[in-house]
Amino acid sequence: MKIVQQLDNVETAPELSRRRFYLGFIYGLWGLITAALAAPALVYLLLPPKVRRESGWIEAGDVSALQPKVPVEMVFRRNRVDGWKISSEKQTAWVVKLSGQNVVAFGPQCTHLGCAYHWDETKSEFLCPCHSSVFSVDGNVVSGPAPRPLDRYETRIDNGKLMLGALHDSTDQPA
Amino acid sequence: MSLKDRSLQWLEHRTGLETAVRNFLYEQIPASSGWHQVFGSVALFLFLTQAFTGALLAFNYAPTPGDAYNSLRYIMAEVTAGRLIHGLHHWGASMMIVVVVLHMTQVFLYGGYKKPREATWMVGVVLLLLTLAYGLTGYLLPWDNRAYWGTVVTTQIAAKAPGLGPYLVRLLGSQGEIGVVTFARFYGMHVLLLPPATALLIMIHVYLVRKHGVAPVPGDEIRPLKKFYPQQVFRDTVAIFVAFAILFVMAIVAHVPLEQLADPTDTTYIPRPEWYFLFLFQTLKLMQGPLEVFGAVVLPALAILTLIVIPFVDRGPIRRVAQRTFAAGLVVLAAIGWAGLTYAAVVTTPKQPIAAEIDFSQPTDWLQLSPVEMAGIGYFREENCASCHTASGGKPAIGPDLTNSGIRKSATWMLQHFKKPAAMVPGSAMPAIQLSDAQLNTLAAFLLKLNPRNAEALQSAPQFAVDGALVYQKNQCGSCHMVNGVGVKLGPPLNGLKRRRTEDWVDRHFKNPQALSPHSIMPQYKFESSEKQNIIAYLFVLPD
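Line by line, the protein sequences are chains C and W.
The numbering of the first sequence is this note's numbering, which starts it at 1 and goes up by one.
The numbering of the second sequence is this note's numbering, which starts it at 1 and goes up by one.
These are computed hints drawn from the structure, not numbers from a lab.
Please note that the accuracy of each hint is not assured.
[What the hints assert, rightly or not] The list that follows gives simulated cross-link-like pairs (lysine to any residue, SDA-like), each with its CA atoms no further than 20 Å apart:
{"hint": "1", "chain 1": "W", "residue 1": "Lys351", "chain 2": "W", "residue 2": "Asp504"}
{"hint": "2", "chain 1": "W", "residue 1": "Lys226", "chain 2": "W", "residue 2": "Ala455"}
{"hint": "3", "chain 1": "W", "residue 1": "Lys115", "chain 2": "W", "residue 2": "Tyr207"}
{"hint": "4", "chain 1": "C", "residue 1": "Lys85", "chain 2": "W", "residue 2": "Leu261"}
{"hint": "5", "chain 1": "W", "residue 1": "Lys227", "chain 2": "W", "residue 2": "Ser32"}
{"hint": "6", "chain 1": "W", "residue 1": "Lys114", "chain 2": "W", "residue 2": "Val331"}
{"hint": "7", "chain 1": "W", "residue 1": "Lys227", "chain 2": "C", "residue 2": "Leu16"}
{"hint": "8", "chain 1": "C", "residue 1": "Lys50", "chain 2": "W", "residue 2": "Tyr61"}
{"hint": "9", "chain 1": "C", "residue 1": "Lys85", "chain 2": "W", "residue 2": "Arg83"}
{"hint": "10", "chain 1": "C", "residue 1": "Lys50", "chain 2": "W", "residue 2": "Phe59"}
{"hint": "11", "chain 1": "C", "residue 1": "Lys97", "chain 2": "C", "residue 2": "Met163"}
{"hint": "12", "chain 1": "C", "residue 1": "Lys50", "chain 2": "W", "residue 2": "Ala58"}
{"hint": "13", "chain 1": "C", "residue 1": "Lys85", "chain 2": "W", "residue 2": "Ala58"}
{"hint": "14", "chain 1": "C", "residue 1": "Lys50", "chain 2": "W", "residue 2": "Gln362"}
{"hint": "15", "chain 1": "W", "residue 1": "Lys474", "chain 2": "W", "residue 2": "Met522"}
{"hint": "16", "chain 1": "W", "residue 1": "Lys419", "chain 2": "W", "residue 2": "His389"}
{"hint": "17", "chain 1": "W", "residue 1": "Lys226", "chain 2": "W", "residue 2": "Asn23"}
{"hint": "18", "chain 1": "C", "residue 1": "Lys50", "chain 2": "W", "residue 2": "Asn70"}
{"hint": "19", "chain 1": "C", "residue 1": "Lys50", "chain 2": "W", "residue 2": "Ala455"}
{"hint": "20", "chain 1": "W", "residue 1": "Lys227", "chain 2": "C", "residue 2": "Arg18"}
{"hint": "21", "chain 1": "W", "residue 1": "Lys351", "chain 2": "W", "residue 2": "Pro462"}
{"hint": "22", "chain 1": "W", "residue 1": "Lys409", "chain 2": "W", "residue 2": "Ala423"}
{"hint": "23", "chain 1": "C", "residue 1": "Lys85", "chain 2": "W", "residue 2": "Gly66"}
{"hint": "24", "chain 1": "C", "residue 1": "Lys85", "chain 2": "W", "residue 2": "Asp365"}
{"hint": "25", "chain 1": "C", "residue 1": "Lys69", "chain 2": "C", "residue 2": "Lys161"}
{"hint": "26", "chain 1": "W", "residue 1": "Lys226", "chain 2": "C", "residue 2": "Leu16"}
{"hint": "27", "chain 1": "W", "residue 1": "Lys227", "chain 2": "C", "residue 2": "Arg20"}
Next up, chain C with everything else stripped away, as it sits in the complex (with noise of 0.2 Å):
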């Protein structure tokens, strides 16, 4: 503080804002450049990646065997887009038809901590292996920890055969 002040006292007006020009500049141009360098790299680390097109729909598989509310593990490979990797996927979907036409897949994946859950055939519902969720055949969860129904695959079904879209929640956001 002492230095501040003698230079204060030595300082003419003039040089007083002489002075204060200086500062401007300083704390003016620093701010730009700090500001220039970290906008663009807060939008590369942040901001998503422009999308590239991933194949759309799928074919996971046979509609027509299925049995009314009996689900069925569904093995079908999708290309991946991984940074600047497209690999292709071995991945699943209980698929169940719930009636008639209905046909409804679920993601694989607890909606809990994401563990592979499976189908027990004794209770007919869903049980996750980890923390005990169980769902039911149409993907609600009748107890445990898990925080809303299983994921579904947006689905179509052409000649008999299963398509399978995105992944999405039951708030219909992607998943």
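Keeping the supplied structure of chain C fixed, place chain W upon it in accordance with the hints.
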């Protein structure tokens, strides 16, 4: 006492931060200090910017030859602001060289290296070498043809070092070829070894500057010292801002291209180093045979040695810069020599094969299209279809989106629609297209196959390739040749032509096929020069 004052006092008591900042800012500097001394600060700023943008790039970059190219392409084409960050890093490297050289030139002109500042100067020379080492190692990291072939030359120069050659080659991991090991070593040097080494040397450099003070000029001893802050800090800030503004504009405006993926079998590529190494490259060209070792290794080593020993040769008292005519003469000579060699290197660089000019950070799906489809793009552009039609989304236009399969009809229907639009689509405001039947057929063929994937090619296909495909179609090359799997296999397929023939050979072959391939049934073609250029350029960018 306010909370702020108390907090500051607490901080000062525990860390001494305020005193440290104060000591730093209120350094005493000679009265002669001014604008000519800003370059060191600018260089330091650029180093920090490079470290920052480099770290950002590393977040999306995979440092192996298998992934490097694709991940960089991902940064440039897909990551939001990725092209800007990459541009800042790319141009920042060049700018760093410029500023470091300006800094050294200023110190040299003023004789700032004289006793007791010899060590400061020598550390500075090492920092210059480190800056060049960044350029050399960073050049390989995009792993495109330019990177690969440039580094092939670099490692072969290193191999020429008398005695040390084989060891240097082993150190660079290139036993005969450049591959995963060289790549890993270059990347390791670029991001793990060089930055801490540079940081350490900068600290020593700045410590030495502070220890000896900024170099005075004659007359300073009778004038009162002034303080670093705020006047000189203001000057440094303005200079840094100007440098940064130039860098930022360059990163946005000056497009950094990505060439095709490194191809060790490509014999057409003409390797060139980065612009600041061109003078060395040219020196080497001037020294053939036994002189080569001299130009490649001995001369650069002597130059570095000269820089290092300058303070011990020029030991006279400090003089005014205006009186240092010999030093100024040396600087002018060096500048002329550098500029002359660089200019000679630029003008003697043969034109790169056209494939080297395609920017692979842009979509290149058009490379897979057949010549008919490419020619269709040509007519689409000629007839300005895009002024009324969109393809693959975008903002709605007067005409329908052409990727919408709902409007697809047969080729005959489209042909009639092109000739008399309203006859087929009542109320259509589309003007009739004035093209021959064959041309309309080509256009229809392309439009019928249009989907969101190949629709990108409508914009991204370079005009020379489209024009070349038009020549190809007009002369019905496809009735004997195949391109991308389309055509007839009577003559040789044309993919991979660039591996088998030179552009000159193809040119002569057009004029007189039988002179070069005696049993060929190919007729002679007399093209106009622009037609010939386009067809050859097109054939030479075709994928293998």
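Is the Cα-Cα distance between W/Lys409 and W/Ala423 20 Å or less?
-> Given that 20 Å is the threshold and the Cα spacing comes to 14 Å, the pair holds.
Decide if the proposed pair is consistent with the structure: C/Lys50 and W/Ala58, CA atoms, cutoff 20 Å inclusive.
-> Since the Cα atoms of C/Lys50 and W/Ala58 sit roughly 19 Å apart, the hinted pair holds (cutoff 20 Å).
Is C/Lys50 close enough to W/Tyr61, meaning Cα to Cα at most 20 Å?
-> Holds: C/Lys50 and W/Tyr61 sit about 17 Å apart, inside 20 Å.
Quickly compare the C-alpha distance for C/Lys69 and C/Lys161 to 20 Å and report which way the hint goes.
-> Status holds; Cα separation ~18 Å.
Holds or violated: are the alpha carbons of W/Lys114 and W/Val331 at most 20 Å from each other?
-> Measuring from Cα to Cα gives roughly 17 Å; hence the hint holds.
If you draw a straight line from the CA of W/Lys226 to the CA of C/Leu16, is it 20 Å or shorter?
-> Judged against 20 Å, a Cα distance of about 16 Å means the pair holds.
Hint consistency between W/Lys474 and W/Met522 [alpha-carbon to alpha-carbon, up to 20 Å] = holds (16 Å)
Given the hinted pair W/Lys351 and W/Asp504, is their alpha-carbon gap at most 20 Å?
-> holds (13 Å)
Agreement of W/Lys227 and C/Arg20 with the hint, judged by alpha carbon distance not exceeding 20 Å = Holds. W/Lys227 to C/Arg20 sits at ~15 Å (cutoff 20 Å).
Do the alpha carbons of W/Lys227 and C/Leu16 lie within 20 Å of each other, as the hint requires?
-> OK: W/Lys227 and C/Leu16 at ~15 Å, within 20 Å.
Holds or violated: W/Lys419 to W/His389, with C-alpha atoms at most 20 Å apart = Holds - the C-alpha atoms of W/His389 and W/Lys419 are around 17 Å apart, at most 20 Å.
Take the C-alpha atoms of C/Lys85 and W/Gly66, compute the straight-line distance between them, and say whether it is at most 20 Å.
-> Holds, at about 11 Å.
Violated hint for the displayed structure: number 2, the only one.
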